[in-house]
Amino acid sequence: MTEILNVFVDNTPGRIKSVTETLARENVNIIAFAVHDKGEFGLMKLVATEPERAKLILAENGFACALREAMVVAVPDKPGNLNELTGILLEHGINISGIFGFVIEGGQTGICCLETSEPVTKALQSELEQAGFRILTSMTIF
Amino acid sequence: MQVNYWNKEIETADRAEIEAIQLEKLQHIIKAAFKTPFYSRHFKKLGIKSPRDIKTFEDFRKLPLVSKEDLRRGYPNGFLAGENYDDVVRMHSSSGTTGIPTVIYWNREDLEAATDLVARCLTAAGCTRSDIFQNMMSYGLFTGGLGLHYGAERLGMMVIPIGGGNTIRQINTMRDFGTTTLHITPSYLMHLATAIKEHGIALETLSLKRAIVGAEPHTEETRRKLEEIFNIDCYNCYGLSEMNGPGLAFECVYKNGLHIWEDSYILEIIDPATGELLPDGETGEVVVTCLNRRAMPLMRYRTRDLAHVYTDMCQCGRTHRRLSRIKGRTDDMLIINGVNVFPSQIEEVIMKIPEVGTNYMIHLTKSGAIDRLTVKVEIYSKMFSGDPVELDILKDKISEELRASIYIHPRVQLHEPGILPTFEGKGKRVVDERGEF
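As you go down the protein sequences, you meet chains A and B in turn.
Okay, so the first sequence: first residue is 1 according to this note's numbering, each after it adds one.
Okay, so the second sequence: first residue is 1 according to this note's numbering, each after it adds one.
This is chain A alone, in the form it adopts within the complex (with noise of 0.2 Å):
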C-alpha cells in the first residue's frame, strides 16, 4: 500500500507547472499523475517516490495538498487482467473511489492506482499477489 498526494490546483494555466516546479527544485521523483477537473479547481493526484517528504514540500510552499491511503498495483498487461483486478475487488465488496492506469511498455506491465472507499485487508491483499497482481509500495515501484 501506498499513498496517493492529492493537490489542489486552481483550473488556469501555469498551476501545474507550479506544482511540477516546486516538487522539481526539492528532486522529488513523480511516478505517476492525474488531474481530475472539478471546474474553477482540479484535484493533481501524484504518485510519488516519497510521498510524505513531496507533501511537505508543497505544504510549505502553501500548497493545499493531503495525503490519501492508495493502492498501487502492477497489472502484467494482457487482455482481461484489469477485468480480474476489479473483480475482486467487487467480490469483497469494495468500492473503487477513484482509479487511473497507465502501460509503460505494451505486453509488459501495466501500473494501476486505485483509491476505495473500505480499507484493503490484508486478506484481499494476498489474494491479489496470488492472482498475479504485485501490490507495490512508492519504494519498490521501480
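In case anyone wonders, no lab produced these hints; they're calculated from the structure.
Hints may contain errors.
Computed from the model, here is a short list of chain A residues facing chain B with C-beta under 8 Å [what the hints assert, rightly or not]:
(1) Gly-62
(2) Ala-64
(3) Cys-65
(4) Arg-68
Derived pair list, reagent style DSBU-like, types lysine-lysine, alpha-carbon separation capped at 35 Å [said to hold, decoys possible]:
(5) B:Lys-44 / B:Lys-55
(6) B:Lys-62 / A:Lys-38
(7) B:Lys-352 / A:Lys-17
(8) A:Lys-17 / B:Lys-397
No residue lacks a Cβ here, since even glycine has one placed at the ideal position from N, Cα and C.
Mind docking chain B on chain A? Use the hints.
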C-alpha cells in the same frame, strides 16, 4: 485588564461636561467658518450673523449637512478659513480616484490637537512609550501614515517610518528591531502571514503584540482570524481625511466598539434617505463635526459610512460613546436582483467558515435580466483533506449560508490559497460586470 489614559479627566468626563466642551469649541469653529466662502454663503442664507446664534445643539442642527460633492465643488479653497495659506502648516488630500480630490488644511494648533488625539487613541489601545511602532501605511497625502506617525511619536514610542510595501524589508525590520506594534491594513496583514512563513521566520520569534488595523472596513471575523494567526491583539480604528484622518474613533483594550472622542467631534447618526437624526442604537449614516480644526472648518459632514452607536458604558471607564464597526457605505451597497447587499455581509459569512482562507472576491454578472452573484473564496490549506466530495459539500455550505444571510443564492468557486488578488491598499473585492441599465 490594564487601562491607561492619555487625558483621564477628558476621557472620563460626564455627559454634561462633554456637551459643554462641545458647545464652547463650536463657537470657535463657527467663527472660523465665517471666513470660508462655503459657510459665509450658507450663514447668510440661514440668517446666522454671529457665532452666538449657534448656542444649543438645536441651533447646531440647523446648519447644513455637507457632502463630499460640496467639498469637491469647493476645490481647492472653498472651505479654507482665510484669504491665503499663511496660517496653514499642512495640507492633505484624498487620492481623487473617483474625480476631484478633497483637500484638508491644518494650522499649527489644529495639527497639535490632531496629534494629541492620536496619542490618546494609541494609549487606549494599550501602547506605551516602550513600544516599537512600525508604520506600514503609506506616507504622503494620505492622512493615515503621517497622522499615526505624529501620534506615536507624541506618545513616545520608537517610530519606524517604513511606509507601505516591500514585504521582505518589512519582515526583516520587524525581526531586527523587535517591532511590537504594527499600523497596517487588514488585507496587507493577511498577506504578511503567508509572506513571513515563506521568508522562513517563525511568528513566535517576533515581538509583535498588537496591530492597529485600519484604512479598510473589515469584519469581526477577519479580526479574529488575524489575531489567531499572529497571536496578537488587533485594534480597529476609524477615521477619514475630512475629519483629520486617524484619531476620530479608536478601540480601547476591551475591543468593544470604537470610542469617538466627543470633546473633539460631534457625532450624529442620520437616516441617509431623509437626513433625520436617529436615536442611539439605530444604524444610519455617520455624520461628524470636527471641533479641532479652524484652518478648515467642517461641520455636519456626511461620511457615507453606515454604523450605529452603542448605548452601554464601556468597561474601560471612558464616557465617550462608541461607534460600531462600519457596516457598509451608503455608496458601496450592491443591489442584486432588487436586494440590498453590502460586501461586508458576504465577508462576515465566509470568514466564519473554517475551511475558507483569507481572500475572497465578489463577481456580479448578468444573465438575461437576472443578476448572478459569484463568490470566489480560497480554501484554507490546513483544512484540505484531498476528498473531492468534501469540497462539493463545502461549496454547498457556503452558498447556503450566504443565502440565509443575504437572501441570494450565489455561485461559489473554490480557489487555491494565495491565488486571489491581495490588496495592500484599500481592498477592491467587488467586480461588477453587469454594465449599465
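Consistency of the hints with the structure:
no.: 1; hint: Gly-62; result: holds, 5 Å
no.: 2; hint: Ala-64; result: holds, 4 Å
no.: 3; hint: Cys-65; result: holds, 7 Å
no.: 4; hint: Arg-68; result: holds, 5 Å
no.: 5; hint: B:Lys-44 / B:Lys-55; result: holds, 17 Å
no.: 6; hint: B:Lys-62 / A:Lys-38; result: violated, 61 Å
no.: 7; hint: B:Lys-352 / A:Lys-17; result: holds, 32 Å
no.: 8; hint: A:Lys-17 / B:Lys-397; result: holds, 31 Å
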